[in-house]
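Engineer: Here is what each chain is made of, one letter per residue.
2 protein chains.
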Amino acid sequence: MSIHTACIDACFDLAMESRGEGGLPIGSVLARGDKIIGRGHNRRVQQGNPILHGEMDALRDAGRQESYRDTVLYTSLSPCMMCAGTIVQFKIPRVVICENLNFGGNEQFLIERGVTVEVLNEQRFVDMMARFIEEQPALWDEDIAE
Amino acid sequence: MSIHTACIDACFDLAMESRGEGGLPIGSVLARGDKIIGRGHNRRVQQGNPILHGEMDALRDAGRQESYRDTVLYTSLSPCMMCAGTIVQFKIPRVVICENLNFGGNEQFLIERGVTVEVLNEQRFVDMMARFIEEQPALWDEDIAE
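Protein chains in written order, with the working numbering: chain Z, 26 to 171; chain C, 26 to 171.
Next up, chain Z with everything else stripped away, as it sits in the complex (with noise of 0.2 Å):
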């Protein structure tokens, strides 16, 4: 398996990991060449923890790095403003986005600043998004400030 379908994989598992939880099923990995850095998910619930969503709990659990350079970050979800800031404070060149057909409008930001962004929109992300939004539409609300 290469590392992206591993990376895509993983945010997938933490995903459902943290919805197992009861948490908000949003996963983000960081990688470096072939090797997961850094395995995050939102655990706003577990925690009670607002500025934990995926992307920022992956980078906290890679730990301090000399540079984010040669880093790709993938992510469940379109990073909200909060995780598109972070992206471009540290400097990460590359950003894999899963799905944004739930939740977007923060890619322009990061390509505007010279971060390189795929979106995938498989379709296991956007069903697994859509269904949690739809049973828990209070907790979403509250994860993106709405």
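Simulated from the structure, these hints should not be mistaken for lab results. Hints may be right or wrong, so weigh each one.
Copies of one chain are not kept apart here, so a pair can be met inside one copy or by any two copies together.
As the list claims (entries may be wrong) - No farther apart than 20 Å at their CA atoms in a straight line, the calculated lysine to aspartate or glutamate pairs in the EDC-like style are these: (1) 116 x 167; (2) 116 x 166; (3) 116 x 168; (4) 60 x 38.
Predicted, not measured: the structure shown is a model, and the values here were computed from it.
Based on these hints, arrange chain C on the given structure of chain Z.
Structural biologist: This is chain C only, laid out in the frame that chain Z set:
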């Protein structure tokens, strides 16, 4: 003492607390009305956690909130792109920046998105940060991804 003055003093004290722990001297508080509801400081060194800038740590400390529309975020140093993105994402309407002479540049990003930005440039904050940058340039560069 007014809540405004109390928040500014708390930012300074939290920054100094972090410095005493060997960390970056950047502190932040989130206030609602006349109460401080979140206190934080940079924890890159202390927890090996690159996402815990002062502002992020204050939001973590405040925990889940229904809304941030009636809150004010105070920070000892001007917010980086991660923290500025977070302020916009969380819809925090007002930010008080104790100094932006040693680091800044995202004030316009915030203002353009409707955030009220107040810059104090109190000398004790400017001096504290300048001294740290002079003493620990490598750690400072790491924190701003230079």
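Engineer: So, for every hint listed, does it hold in this structure?
Structural biologist: Verification of the hints:
1. 116 x 167: between (28 Å within a copy, 12 Å between copies)
2. 116 x 166: Between copies, since 13 Å is at most 20 Å while 29 Å is not.
3. 116 x 168: between (25 Å within a copy, 12 Å between copies)
4. 60 x 38: The answer is within: 17 Å in one copy meets 20 Å, while 41 Å across copies does not.
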